[in-house]
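Asks: Here the sequence shown is numbered in my numbering, starting from 1 and rising by one per residue.
No lab work stands behind these hints, which were simulated from the structure alone. These figures come from a predicted structure and were not determined experimentally. Built from N, CA and C at the ideal position, the CB exists for glycine as well. Please note that the accuracy of each hint is not assured.
Claimed, not checked - Only pairs whose alpha carbons sit at most 30 Å apart, straight line, appear in this in silico DSS-like list of lysine-lysine:
#1 273 <-> 99
#2 248 <-> 273
#3 248 <-> 99
Unchecked claim - Taking CB as the label site, the calculated pair distances span:
#4 132 <-> 172: 21 to 27 Å
#5 282 <-> 54: 21 to 27 Å
#6 153 <-> 221: 31 to 37 Å
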Amino acid sequence: MPSNAQAARRSARAAGYVFPEHLREQAQALPTQPGVYTFHGREGGLPLYIGKSINLRTRVMDHLRTAEEAAMLRQSERISHLPMAGDLGAQLLEAAMVKAERPLYNRLLRRLPRQFSMRLYRGEISVVNSAEVDLTSTPMLYGIYSSARAAREALRRVADENRLCYSLLGLERLPAGRPCFRSMLRQCAGACCGGETLAEHQQRLADALMLLEIAEWPYAGPVAIEERGEAMRQFHVVDGWFYHGSAKTLAAARRVRRTDPLFDRDAYRILRKGLSLGQWALHPL
Numbered sequence: 001m002p003s004n005a006q007a008a009r010r011s012a013r014a015a016g017y018v019f020p021e022h023l024r025e026q027a028q029a030l031p032t033q034p035g036v037y038t039f040h041g042r043e044g045g046l047p048l049y050i051g052k053s054i055n056l057r058t059r060v061m062d063h064l065r066t067a068e069e070a071a072m073l074r075q076s077e078r079i080s081h082l083p084m085a086g087d088l089g090a091q092l093l094e095a096a097m098v099k100a101e102r103p104l105y106n107r108l109l110r111r112l113p114r115q116f117s118m119r120l121y122r123g124e125i126s127v128v129n130s131a132e133v134d135l136t137s138t139p140m141l142y143g144i145y146s147s148a149r150a151a152r153e154a155l156r157r158v159a160d161e162n163r164l165c166y167s168l169l170g171l172e173r174l175p176a177g178r179p180c181f182r183s184m185l186r187q188c189a190g191a192c193c194g195g196e197t198l199a200e201h202q203q204r205l206a207d208a209l210m211l212l213e214i215a216e217w218p219y220a221g222p223v224a225i226e227e228r229g230e231a232m233r234q235f236h237v238v239d240g241w242f243y244h245g246s247a248k249t250l251a252a253a254r255r256v257r258r259t260d261p262l263f264d265r266d267a268y269r270i271l272r273k274g275l276s277l278g279q280w281a282l283h284p285l
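Please put together the full structure from these sequences, using the hints given.
Replies: As structure tokens, then:
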């Protein structure tokens, strides 16, 4: 629950909030279909905020009523939109546009210079990054993180939940043959001091990491994902968990310009579950 101070600040903002009338007509003119919208600034039309919704008009009107967004709304001069067939295309396009245009008020979905993961190779766990390995095709990678520190913290949580040894995971240094402190507290199963074999520890580590495993791209090349909405149909071109763009016909989808696929953790999270469940019609390109 918010603190009294937070509640007071919200109340003060609400009391001084003035509805942005200069944007009302533009917001009311938006369609009620899915899509991506952009608030453009007064200077040069630069993007201030990019968002997506299954109902563009309703979502943008919600922004206009939100006192916490007053600063962004005051700077906004224009609202543009790109209609999409449904929520899948809206999510993919929003993530791609935020990375490409870097709007001032978007904190999530930004492009990361490197992405990090945990790699299990021959029983050894290490933290790797996208400059070292191809996250789209390298097997036995676990989790997607914005920094090496975040990856190590995730590994520490796995160790805590499964009584794995910090020393054997490279999370702390320990003289050979000496039990770690956590084993004395029974927070480590004792692979460092004979409580279990190294093979048993390695198997428990592999089992614990299974839920975090990054799925390899399951197709031989690019595919077009067909999405049908009430107002339109689209084909979203994806390869190696990377979104290249959308087209209104399959023939046009084959002409969408494709660069070398780079692993995109946001597209991966958007696509993985639906692809594994067979939710969409797919067309190899």
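Asks: Now look at each hint and say whether the structure bears it out.
Replies: Evaluated hints:
A hinted pair counts as satisfied when its Cα atoms are at most 30 Å apart, and residue 273 with residue 99 qualifies at roughly 22 Å. Of the supplied pair hints, the one linking residue 248 and residue 273 holds, its CA atoms being roughly 24 Å apart against a limit of 30 Å. Of the supplied pair hints, the one linking residue 248 and residue 99 holds, its CA atoms being roughly 23 Å apart against a limit of 30 Å. Taking 21 to 27 Å as the suggested C-beta distance range, the pair residue 132 and residue 172 conforms, at roughly 23 Å.
One distance hint, 21 to 27 Å for the beta-carbon pair residue 282 and residue 54, holds here, with the actual separation near 22 Å. Take residue 153 and residue 221: their Cβ atoms lie about 36 Å apart, and the range 31 to 37 Å holds.
In terms of the numbered hints stated before, the structure departs from none.
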